[in-house]
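Student: Start from chain A and add chain B according to the hints.
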Amino acid sequence: DAKTTQPTSMDCAEGRAANLPCNHSTISGNEYVYWYRQIHSQGPQYIIHGLKNNETNEMASLIITEDRKSSTLILPHATLRDTAVYYCIVRVADAGNMLTFGGGTRLMVKP
Amino acid sequence: NAGVTQTPKFQVLKTGQSMTLQCAQDMNHNSMYWYRQDPGMGLRLIYYSASEGTTDKGEVPNGYNVSRLNKREFSLRLESAAPSQTSVYFCASTSGASSGANVLTFGAGSRLTVL
Numbered sequence: 001d002a003k004t005t006q007p008t009s010m011d012c013a014e015g016r017a018a019n020l021p022c023n024h025s026t027i028s029g030n031e032y033v034y035w036y037r038q039i040h041s042q043g044p045q046y047i048i049h050g051l052k053n054n055e056t057n058e059m060a061s062l063i064i065t066e067d068r069k070s071s072t073l074i075l076p077h078a079t080l081r082d083t084a085v086y087y088c089i090v091r092v093a094d095a096g097n098m099l100t101f102g103g104g105t106r107l108m109v110k111p
Numbered sequence: 112n113a114g115v116t117q118t119p120k121f122q123v124l125k126t127g128q129s130m131t132l133q134c135a136q137d138m139n140h141n142s143m144y145w146y147r148q149d150p151g152m153g154l155r156l157i158y159y160s161a162s163e164g165t166t167d168k169g170e171v172p173n174g175y176n177v178s179r180l181n182k183r184e185f186s187l188r189l190e191s192a193a194p195s196q197t198s199v200y201f202c203a204s205t206s207g208a209s210s211g212a213n214v215l216t217f218g219a220g221s222r223l224t225v226l
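Chains as they are written, first to last, in our numbering: chain A, 1 to 111; chain B, 112 to 226.
Isolated chain A (complex conformation):
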């Protein structure tokens, strides 16, 4: 698996965009980039994933660089409820494939 590097923690003002970076310089051509988050002690929640192109859904946007060695998760208008640990994971999409979670980025949204 390609390893990922994320900042340990970040702060963001409520209402502003939160930009969470992830480096995955050893990513292979068939590996997807997944983002999950974990609010307090709840089960992780899927946010978004992508392979090459930028992706957007109702929760967030995912920007993947052209060389695919890094990506950024964007929460366009962060709220206090977005305070969580955000995990960036890189993995191929196989049947029975499992995801390995690292330390993630602890995002604190402040009033």
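Rather than coming from a laboratory, the hints here were simulated on the basis of the structure.
A portion of the hints provided could be inaccurate.
Beta-carbon label-pair distances, calculated as ranges [as the list claims (entries may be wrong)]:
hint: 1; chain 1: A; residue 1: I63; chain 2: B; residue 2: N176; range: 37 to 45 angstroms
hint: 2; chain 1: B; residue 1: F121; chain 2: A; residue 2: G15; range: 14 to 22 angstroms
hint: 3; chain 1: A; residue 1: N19; chain 2: B; residue 2: E163; range: 39 to 47 angstroms
hint: 4; chain 1: A; residue 1: G15; chain 2: B; residue 2: T126; range: 45 to 53 angstroms
hint: 5; chain 1: A; residue 1: K3; chain 2: B; residue 2: A113; range: 15 to 23 angstroms
hint: 6; chain 1: A; residue 1: S28; chain 2: B; residue 2: L180; range: 31 to 39 angstroms
hint: 7; chain 1: A; residue 1: N19; chain 2: B; residue 2: R155; range: 23 to 31 angstroms
hint: 8; chain 1: A; residue 1: G102; chain 2: B; residue 2: T126; range: 26 to 34 angstroms
hint: 9; chain 1: B; residue 1: K168; chain 2: A; residue 2: Q45; range: 23 to 31 angstroms
Glycine included, each C-beta is placed from N, C-alpha and C at the ideal position.
Tutor: Same frame as chain A, now just chain B:
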């Protein structure tokens, strides 16, 4: 639609006792997983089942056994609990489709304390 249901939510055991954590999903998913999360740490995979009738070890399988009872249910058993197994346990499932990305759905977690 309940998604992934774990029982019990909380459990306290004494060292050496045994117990089984239950997990059930109602999404007709093929693949199921057990993770553990220690305080302040990321999730570590214990065991997974790619499809009904198969199970495989993850990163930290020692001290655990699993059973894929049917397509819906995947249980995790601690035969002789140790304090090092104090953790929050998460069950997850995914469709396991051979094409496209696999997205995991997680349960709410089972908090286990071993004294």
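Student: A:S28 and B:L180, beta-carbon distance inside 31 to 39 angstroms?
Tutor: Since A:S28 and B:L180 have Cβ atoms about 35 angstroms apart, the given range 31 to 39 angstroms holds.
Student: May I ask you to test the hint 39 to 47 angstroms on the CB atoms belonging to A:N19 and B:E163?
Tutor: 42 angstroms, holds
Student: Is it true that A:N19 and B:R155 lie within 23 to 31 angstroms of each other by Cβ?
Tutor: Because 28 angstroms falls inside the window, the suggested range holds.
Student: Does 26 to 34 angstroms hold as the CB distance between A:G102 and B:T126, or does it fail?
Tutor: 30 angstroms, holds
Student: Hint says 37 to 45 angstroms; check whether the CB-CB distance for A:I63 and B:N176 agrees.
Tutor: 43 angstroms, holds
Student: For the pair B:F121 and A:G15, does the Cβ-Cβ distance stay inside 14 to 22 angstroms?
Tutor: At roughly 37 angstroms between Cβ atoms, A:G15 and B:F121 fall outside 14 to 22 angstroms, so the hint is violated.
Student: May I ask you to test the hint 23 to 31 angstroms on the CB atoms belonging to B:K168 and A:Q45?
Tutor: Given about 26 angstroms between the Cβ atoms, the range holds.
Student: Just tell me: holds or violated, for the beta carbon distance of A:K3 and B:A113 against 15 to 23 angstroms?
Tutor: Hint violated: Cβ distance 35 angstroms, outside 15 to 23 angstroms.
Student: How does the Cβ-Cβ distance of A:G15 and B:T126 compare with 45 to 53 angstroms: does it lie in that range?
Tutor: 50 angstroms, holds
Figure legend: structure checked against the earlier numbered hints; hints not met, in rising order: 2 and 5.
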